[in-house]
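Novice: Residues per chain are reported as follows:
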Amino acid sequence: MALLSKKDSRLILDPLADNNPITIQVLGICSALAITAQLKASIVMALSVMVVLAVGNVVISLLRNVIPGKIRIIAQLIIVAALVIIVDQVLKAFAYELSKQLSVFIGLIITNCIIMGRFEAFALANKPWRSFLDGIGNAAGYGLILIIVGFFRELLGSGTLLGFKVLGDPIAKTGLYAFGYENNGFMLLSPMALIVIGIIIWVQRSRNKTLIEE
Amino acid sequence: MAKFTDKNSYTILFAIIMVLVVGSLLAGVAQGLRGKISENERFEKQQNILYAMGVDDNEGTGSVNFISTKEVEATFHKYIKKQLVIQGDEATEDDNAYLIDIKKEETHANDDSNYKRKLPLFIGEKDGVTYYIIPMRGKGLWDAIWGFVSLDKDLVVEGVFFDHKGETPGLGANIKERFFMDDFKGEQIMNGDAFVGINVAKGNNDPLNERKDDQKVDALAGATITGNGVTAMIKKDVARYIPYLEKLKGAEMKETTETVQVSDSLQ
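Residue numbers (UniProt numbering), protein chains in the order written: chain A, 1 to 214; chain P, 1 to 267.
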């Protein structure tokens, strides 16, 4: 037997492309704009969201029959907030350096609409295992876009990737800079992230005709 | 039939239980990890102070590398010879001066104009050179920024360390990168006898920071407000120490002239 049934593997693969949370559902845009100036920050954010979304989905799914309908949004918020605080505290105690680098991102996870969206749309109506897969899938789809945007913004904006000077030194004028190339400082500002995401959506829609609305 | 979860009494009960469970869980986690976290914070402060006076594990010109947390306690006591608390005109020695919370001191001083705030000053010594290390705290774009600056006896910057709570990654957050901090080395904070501080300046046409006597370092693109925050922080906090450092310098000069006189009379 395969590790995942066909139905289950769709839960992971769909959000990567045809039902991507950022490019198709247009969720989680704010964090995609704010933290993608560097590739490293994008990767870390993607991983943190994956942990919180997968665990949160399982918790919500386990409680789905006992959460009162009237206060379910508040209940979801409390669960996300509690998870995020625990992750933050554990990192501070055992991986202090890493937690310093993440600082604001950890707190920002709470505000990510993908998380509340998946709790509400999937975990409240599905069993824990399927919810877990859905969490992993959606976080991966989100992370994929973040990493693509982070890659282009860091490369074109700072001429580096993960902090390494891949295009040469802009001040000492080596590498590409010797030929008069200049970094595009505009790429470091958030509006350019929106434009990069727009280009990704354009490419995706023109390749997949089923996504084009009438 | 209505589901049992729709009843008001159930909703209230659920809310109460959930708050109690989550609240005690978080309190338990925070309590259990507190010791470890405060130790980490203490080590970090020692690492930062040492970094400002050039005691670090840096290799080449790439990234910031502190003394490792395992060795930092011993290294700190090896290099930091004296920790002073300056209050008004008096300076007392205090081996825990590095734990003074500058933020609390500042609020206290703001609330009560008669309060003489405690100013911690660390005196380090490396290879025969004495460093005066001053803690600073100010405002960035989003949140607090802080740091340490080490001066030699002529009030020339020997090194700085900056950190921030929540500046934008890739922009303002770069104040803690070496390409920014290293620029401060060798800058003078005095212009003649007047205290100027160091300006984080845009367009000073000196990206390699070759002019050391202009009280200016090259700013970060896209981080104007964080840069202005750094300028303001240095101006505000280092200025408080200038009278004391001038006094030290004066005392030292007197001492040297006295020894000269003694040797003259011996002849």
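Read the hints as simulated data drawn from the structure, not as lab findings. Treat the hints with care, as some may be off.
Not the full set, but computed from the structure, chain A residues with beta-carbon under 8 Å of chain P [to be verified]:
1) Ala41
2) Lys70
3) Ala82
4) Tyr96
Only pairs whose alpha carbons sit at most 35 Å apart, straight line, appear in this in silico DSBU-like list of lysine-lysine [what the hints assert, rightly or not]:
5) A:Lys40 / P:Lys153
6) P:Lys45 / P:Lys82
7) P:Lys216 / A:Lys173
8) P:Lys7 / A:Lys173
9) A:Lys100 / P:Lys81
10) A:Lys165 / P:Lys249
11) P:Lys45 / A:Lys165
12) P:Lys7 / A:Lys40
13) A:Lys70 / P:Lys7
14) A:Lys173 / A:Lys100
15) A:Lys40 / P:Lys45
16) A:Lys100 / P:Lys139
17) A:Lys40 / P:Lys185
18) A:Lys40 / P:Lys249
19) A:Lys173 / P:Lys249
20) P:Lys82 / A:Lys100
21) P:Lys126 / A:Lys165
22) P:Lys104 / A:Lys165
23) P:Lys212 / P:Lys235
24) P:Lys3 / A:Lys7
25) P:Lys3 / A:Lys165
26) A:Lys100 / P:Lys247
27) P:Lys7 / P:Lys139
28) A:Lys127 / P:Lys235
29) A:Lys127 / P:Lys7
30) P:Lys3 / A:Lys100
31) A:Lys173 / A:Lys70
32) P:Lys7 / A:Lys165
33) P:Lys104 / A:Lys209
34) A:Lys173 / P:Lys103
35) P:Lys3 / A:Lys70
36) P:Lys7 / A:Lys100
Note that CB positions come from ideal geometry on N, CA and C, so glycine has one too.
Novice: Hints first: check each against the structure and report whether it holds.
Specialist: Hint check results:
With a cut of 8 Å, the hint placing A:Ala41 at the interface with chain P holds, because the nearest CB-to-CB distance is about 4 Å. Because the smallest distance between the Cβ of A:Lys70 and any Cβ of chain P comes to about 5 Å, under 8 Å, the interface hint for this residue holds. Checking A:Ala82 against chain P by beta carbon gives a least distance of about 5 Å; that is within 8 Å, so the hint holds. For A:Tyr96, the interface hint holds, the least distance from its beta-carbon to any beta-carbon of chain P being 4 Å, beneath 8 Å.
Taken as a hint, the A:Lys40 and P:Lys153 pair is broken in the structure, with Cα atoms around 40 Å apart against an allowance of 35 Å. Simply put, P:Lys45 and P:Lys82 have alpha-carbon atoms about 16 Å apart, close enough for the 35 Å limit, and the pair holds. Proposed proximity of P:Lys216 and A:Lys173 is supported: the alpha carbons are some 23 Å apart, at most 35 Å. Using a Cα cut-off of 35 Å, the hinted pair P:Lys7 and A:Lys173 is violated, with the two alpha carbons roughly 71 Å apart.
The straight-line distance between the Cα atoms of A:Lys100 and P:Lys81 is roughly 29 Å, inside the 35 Å bound, and the hint therefore holds. Proximity of A:Lys165 to P:Lys249 is assessed by CA-CA distance (about 43 Å); at most 35 Å being required, the pair is judged violated. Of the pairs offered as hints, the one joining P:Lys45 and A:Lys165 holds, with about 30 Å between alpha carbons and a cut-off of 35 Å not exceeded. Of the pairs offered as hints, the one joining P:Lys7 and A:Lys40 is violated, with about 48 Å between alpha carbons and a cut-off of 35 Å exceeded.
Taking the CA atoms of A:Lys70 and P:Lys7, the gap is about 9 Å. The hint holds against a cut of 35 Å. Between A:Lys173 and A:Lys100 the CA atoms are separated by roughly 33 Å; this keeps the pair inside 35 Å, and the hint holds. The straight-line distance between the Cα atoms of A:Lys40 and P:Lys45 is roughly 25 Å, inside the 35 Å bound, and the hint therefore holds. Between A:Lys100 and P:Lys139 the alpha-carbon distance is near 18 Å, which keeps this suggested pair within the 35 Å criterion.
Among the hinted pairs, A:Lys40 with P:Lys185 is consistent with the structure: their alpha-carbon atoms are about 28 Å apart, no more than 35 Å. For the hint linking A:Lys40 to P:Lys249, the alpha-carbon distance of about 46 Å lies beyond 35 Å, and the restraint is violated. At roughly 43 Å between alpha-carbon atoms, A:Lys173 and P:Lys249 are farther apart than 35 Å, so this suggested pair is violated. Distance hint between P:Lys82 and A:Lys100 is fulfilled; the C-alpha atoms sit about 29 Å from each other, no more than 35 Å.
Among the hinted pairs, P:Lys126 with A:Lys165 is consistent with the structure: their alpha-carbon atoms are about 33 Å apart, no more than 35 Å. Only pairs whose Cα atoms come within 35 Å are accepted, and P:Lys104 paired with A:Lys165 is rejected, the gap being roughly 41 Å. Only pairs whose Cα atoms come within 35 Å are accepted, and P:Lys212 paired with P:Lys235 is accepted, the gap being roughly 17 Å. For the hint pairing P:Lys3 with A:Lys7, the CA-to-CA distance comes to about 30 Å; that is within 35 Å, so the pair holds.
A distance of roughly 61 Å separates the Cα atoms of P:Lys3 and A:Lys165; the hinted pair therefore is violated under the 35 Å criterion. Of the pairs offered as hints, the one joining A:Lys100 and P:Lys247 is violated, with about 38 Å between alpha carbons and a cut-off of 35 Å exceeded. Between P:Lys7 and P:Lys139, the direct Cα distance comes to roughly 50 Å. Violation of the 35 Å bound is thereby established for this hinted pair. Restraint check: the Cα-Cα separation between A:Lys127 and P:Lys235 comes to about 59 Å, which exceeds 35 Å; the hinted pair is violated.
With a CA separation close to 24 Å, the supplied pair A:Lys127 and P:Lys7 stays within the 35 Å bound. About 46 Å separates the Cα atoms of P:Lys3 and A:Lys100, which puts this hinted pair outside 35 Å; it is violated. For the hint linking A:Lys173 to A:Lys70, the alpha-carbon distance of about 62 Å lies beyond 35 Å, and the restraint is violated. Pair hint P:Lys7 plus A:Lys165 does not hold up; C-alpha atoms about 62 Å apart against a cutoff of 35 Å.
Pair hint P:Lys104 plus A:Lys209 does not hold up; C-alpha atoms about 61 Å apart against a cutoff of 35 Å. Note on A:Lys173 and P:Lys103: the hinted pairing is violated, with a Cα-Cα distance of about 42 Å set against a maximum of 35 Å. As the CA atoms of P:Lys3 and A:Lys70 are separated by approximately 12 Å, the hinted pair is consistent with the 35 Å bound. Under the criterion of a C-alpha separation no larger than 35 Å, the hint pairing P:Lys7 with A:Lys100 is inconsistent with the structure, at around 45 Å.
Of the numbered hints stated above, those contradicted by the structure are hints 5, 8, 10, 12, 18, 19, 22, 25, 26, 27, 28, 30, 31, 32, 33, 34 and 36, listed in ascending order.
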